[in-house]
Amino acid sequence: MGSSVLRFETKRLLASGAAGITALLLLGLIAYAGYVGVQHTSEQRGVIETYAADHAESLDAVRQRVAAAESTAVANGESLDGPVAFGSRHPYVIGSAQGRVLTLEPAPLAAFAVGQSDLQPAAVRVTIGGREPMGGAAALDHPLKLLAGHVDLAFVFVFFFPLLVLALTFGLTSAERESGLLRMVLSHPIRLTTLAAGKLTVRAALLFGCAAVGTGAVWLASGAEGGVGRWALWLLVVVLYGGFWLALAAFVDSRVRTPVTAGLVLAACWLGLVVVVPAVVNVVATSLYPVPSRMDYVTARRTAAGLAEREGAASLARYFNDHPELTTVEEEEADFPMLRVAQDERIAEALAPVEARFTEQKAGQQRFVRALGYLSPAVLAQQAFLDVAGTGHARYAAFDAQTEAFHEAWVDRFAPAYFERQPLRLADLDALPTLDPQIESTADLLSRLAGPLAALALLAALLGAAASRGYGRAGSAL
Amino acid sequence: MSAPILHARGLTKRFDGATAVDALDLTVNAGEVYALLGPNGAGKTTTINLFLGFLVPDAGAALVDGLDVQAEPLETKHRLAYLPEQVALYPSLSGVENLKYFAALAGHDLSDADLAGFLDQAGLQREAHSRRAGTYSKGMRQKVGIALALAKGAKALLLDEPTSGLDPSASAEFSGLVRQLANSGAAVLMATHDLFRVKDTATRVGVLVAGRLREEVASEALPTTDLEALYLGHVHGAKTPVPA
Numbered sequence: 122m123g124s125s126v127l128r129f130e131t132k133r134l135l136a137s138g139a140a141g142i143t144a145l146l147l148l149g150l151i152a153y154a155g156y157v158g159v160q161h162t163s164e165q166r167g168v169i170e171t172y173a174a175d176h177a178e179s180l181d182a183v184r185q186r187v188a189a190a191e192s193t194a195v196a197n198g199e200s201l202d203g204p205v206a207f208g209s210r211h212p213y214v215i216g217s218a219q220g221r222v223l224t225l226e227p228a229p230l231a232a233f234a235v236g237q238s239d240l241q242p243a244a245v246r247v248t249i250g251g252r253e254p255m256g257g258a259a260a261l262d263h264p265l266k267l268l269a270g271h272v273d274l275a276f277v278f279v280f281f282f283p284l285l286v287l288a289l290t291f292g293l294t295s296a297e298r299e300s301g302l303l304r305m306v307l308s309h310p311i312r313l314t315t316l317a318a319g320k321l322t323v324r325a326a327l328l329f330g331c332a333a334v335g336t337g338a339v340w341l342a343s344g345a346e347g348g349v350g351r352w353a354l355w356l357l358v359v360v361l362y363g364g365f366w367l368a369l370a371a372f373v374d375s376r377v378r379t380p381v382t383a384g385l386v387l388a389a390c391w392l393g394l395v396v397v398v399p400a401v402v403n404v405v406a407t408s409l410y411p412v413p414s415r416m417d418y419v420t421a422r423r424t425a426a427g428l429a430e431r432e433g434a435a436s437l438a439r440y441f442n443d444h445p446e447l448t449t450v451e452e453e454e455a456d457f458p459m460l461r462v463a464q465d466e467r468i469a470e471a472l473a474p475v476e477a478r479f480t481e482q483k484a485g486q487q488r489f490v491r492a493l494g495y496l497s498p499a500v501l502a503q504q505a506f507l508d509v510a511g512t513g514h515a516r517y518a519a520f521d522a523q524t525e526a527f528h529e530a531w532v533d534r535f536a537p538a539y540f541e542r543q544p545l546r547l548a549d550l551d552a553l554p555t556l557d558p559q560i561e562s563t564a565d566l567l568s569r570l571a572g573p574l575a576a577l578a579l580l581a582a583l584l585g586a587a588a589s590r591g592y593g594r595a596g597s598a599l
Numbered sequence: 260m261s262a263p264i265l266h267a268r269g270l271t272k273r274f275d276g277a278t279a280v281d282a283l284d285l286t287v288n289a290g291e292v293y294a295l296l297g298p299n300g301a302g303k304t305t306t307i308n309l310f311l312g313f314l315v316p317d318a319g320a321a322l323v324d325g326l327d328v329q330a331e332p333l334e335t336k337h338r339l340a341y342l343p344e345q346v347a348l349y350p351s352l353s354g355v356e357n358l359k360y361f362a363a364l365a366g367h368d369l370s371d372a373d374l375a376g377f378l379d380q381a382g383l384q385r386e387a388h389s390r391r392a393g394t395y396s397k398g399m400r401q402k403v404g405i406a407l408a409l410a411k412g413a414k415a416l417l418l419d420e421p422t423s424g425l426d427p428s429a430s431a432e433f434s435g436l437v438r439q440l441a442n443s444g445a446a447v448l449m450a451t452h453d454l455f456r457v458k459d460t461a462t463r464v465g466v467l468v469a470g471r472l473r474e475e476v477a478s479e480a481l482p483t484t485d486l487e488a489l490y491l492g493h494v495h496g497a498k499t500p501v502p503a
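Those protein sequence lines, which keep their order, are chains L and W. For the first sequence, the positions run 122 to 599 when the working numbering is used. For the second sequence, the positions run 260 to 503 when the working numbering is used.
A few of these clues could be false.
Stated by the list, open to error - Distance condition first, Cα-Cα at most 20 Å in a straight line; then the derived SDA-like pairs of lysine to any residue:
hint	chain 1	residue 1	chain 2	residue 2
1	W	Lys414	W	Pro263
2	W	Lys397	L	Glu297
3	W	Lys397	L	Phe329
4	W	Lys458	W	Thr483
5	W	Lys397	W	Gly325
6	W	Lys414	L	Pro310
7	W	Lys414	W	Gln380
8	L	Lys132	W	Thr483
9	L	Lys132	L	Phe329
10	W	Lys397	L	Leu302
11	W	Lys458	W	Glu475
12	L	Lys132	W	Gln384
13	L	Lys132	W	Asn288
14	W	Lys397	W	Gln384
15	W	Lys397	L	Lys132
16	W	Lys458	W	Asn288
17	W	Lys397	L	Arg304
18	L	Lys132	W	Ala429
19	W	Lys397	L	Glu299
20	W	Lys458	W	Ala429
21	W	Lys414	W	Leu369
22	L	Lys132	W	Pro263
23	L	Lys132	W	Glu475
24	W	Lys414	W	Ala480
What the hints assert, rightly or not - A few chain L positions that, by computed beta-carbon distances, are all more than 12 Å from chain W:
hint	residue
25	Phe129
26	Ala196
27	Leu287
28	Arg312
29	Ala338
30	Gly347
31	Ala576
These are computed hints drawn from the structure, not numbers from a lab. For each residue, glycine too, the CB sits at the ideal point set by N, CA and C.
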């Protein structure tokens with residue numbers, strides 16, 4: 122009997138045009154969102170390539186200047202390894218002026234979810250003075266666009282997909298109950314649960330089939346990065362999240378008598394779970410864990426810089442006090458780079474509390490949202506989509522931590538050279554520290570996804586079981 | 260004598276304390292058309308719902324071909340065909356497609372020729388077979404319902420006010436089809452108000468008032484019974500039904 126329902130429902134969905142409209146809408150939305158995602162990713166890649174090219178170009182220029190300075194030194198009979206004054210062969214040229222540009226390539230499924238990639242820097246310039254996020258005009262979106270967010274695949278699946286699920290399923294059996302068809306159908310040897318399951322299966326196959334085809338095409342168009350596993354993981358999130366909405370629709374259908382009531386109840390559920398709860402969670406998170414504003418940071422930096430400048434040599438004395446191993450010159454013999462290193466450290470010390478507070482509060486927000494996300498499947502799905510795409514908080518937090526560690530290594534490499542006035546040699550330029558960001562292993566990703574995915578599966582299973590019980594009762598109370 | 264196809268045994272159903280069907284004992288044998296007469300709220304539709312398993316009895320049992328409806332709901336539905344007052348069909352599908360689906364639900368995978376044959380037998384015009392059921396008149400929908408009973412090879416037919424709203428000619432045609440089904444061995448239980456059609460179609464009549472079967476008129480007594488007087492007598496509380 123179940124196969125008859127499957128065949129018939131397929132035919133009915135096709136004949137009514139519902140299948141065609143759903144497929145058209147879903148594939149259309151996926152195509153548009155995919156286009157937005159691929160465009161965004163390719164723009165990001167372009168920006169990163171530009172930064173890398175600019176960096177390589179200026180490094181070449183430094184190389185030429187160092188080569189010229191070495192030639193001059195040799196011509197003047199000077200030693201190439203002797204102490205150097207501030208100039209073209211001074212390590213300051215690289216350590217503070219040029220620095221090192223570190224880039225974070227777009228995540229494996231970046232085209233699927235813009236996530237934090239439009240807010241977080243994909244490139245950071247590291248100098249002794251600190252880490253400077255790179256963001257020229259090309260890297261920044263219009264503020265209104267940032268505010269509205271991107272219509273990416275995560276947005277389509279978190280917001281629109283449930284609407285399509287509900288539009289197809291809200292009157293699963295209640296429409297037939299209202300028209301009297303259900304009595305006709307159930308006068309045959311079939312249970313209401315079997316009928317509802319058959320109808321759900323056809324609708325699920327249509328929705329998930331379109332999702333698989335659409336996202337598969339986007340995945341291929343974006344270069345099939347991340348391997349088929351990532352795409353399959355994305356689909357798993359779609360299936361579990363969609364499964365929750367299918368089960369909810371069935372649960373409501375099994376409990377109400379008319380499709381209008383079912384529609385109203387489900388519309389309220391969508392509004393509550395997709396719009397209201399996430400918004401409330403977000404507002405509460407930002408209220409409980411307010412982060413220092415950009416203005417606070419700039420003000421603190423300006424104050425610290427002014428203080429360090431006013432202190433002048435006192436900064437250096439303090440620096441020598443903290444780094445006795447670098448006390449190679451008398452304070453009055455200190456040159457500009459030495460003074461600069463001391464001042465930079467002074468500024469970094471002043472900024473550290475602001476930065477620490479920012480990091481702590483951000484982490485607090487994340488913890489809060491992760492914990493309260495269990496109140497809304499939409500929040501769980503959103504987090505899971507960003508995690509699978511690789512554009513969530515974890516990726517940028519990892520990059521931030523690695524660039525911070527790189528900065529410390531950079532300071533350790535160049536600060537002593539400033540104080541020892543070690544000359545910059547051509548060979549040094551080919552042996553500069555580099556960073557290949559190690560973001561996250563698959564095991565870490567899966568362990569982070571396990572909670573949200575298990576919760577979605579559990580919710581769907583509980584609702585499905587309750588719906589099955591409801592249909593069992595409704596089948597003998599027509 | 261063979262076992263009855265439809266058998267209500269002390270069948271009782273209450274809704275919120277009100278008794279809709281009260282210890283009903285009733286049998287319908289193969290080849291019989293049993294008309295269940297009664298005013299609105301007498302419990303006729305509830306009785307049919309109990310035979311269909313759409314309701315759970317509070318006491319007693321509804322048996323179809325010897326099987327308890329509650330114990331074996333799917334098996335009993337294999338043996339039943341049901342025609343409500345308004346036969347509901349999927350409006351976007353044709354008569355043939357509707358018949359094919361319902362027959363498939365009953366486990367019959369019929370060819371197009373078989374389906375057309377059953378619709379022909381039920382009297383649905385050929386041109387209507389492939390027309391959308393949404394355009395059908397009530398009489399045409401009833402014919403699809405009869406075709407379905409034929410396609411299922413149902414042993415019992417449950418009719419709930421089947422001629423209500425039909426014009427006299429369609430009603431007469433429908434009665435002919437029902438008799439035909441009974442003649443082929445089906446047991447027919449028909450809940451109705453239509454005294455004229457009862458006289459024309461039924462082989463046995465039961466009068467149900469307030470859930471209780473007040474009187475049964477056997478086939479041999481039917482020609483000589485004034486059904487109207489009998490019915491009104493029971494409905495309005497006359498003590499002795501008036502014979503014709």
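(Q) Please list, smallest to largest, the hint numbers that this structure does not respect. (A) Of the numbered hints, 3, 5, 8, 12, 13, 15, 18, 22, 23, 24, 25 and 28 do not hold.
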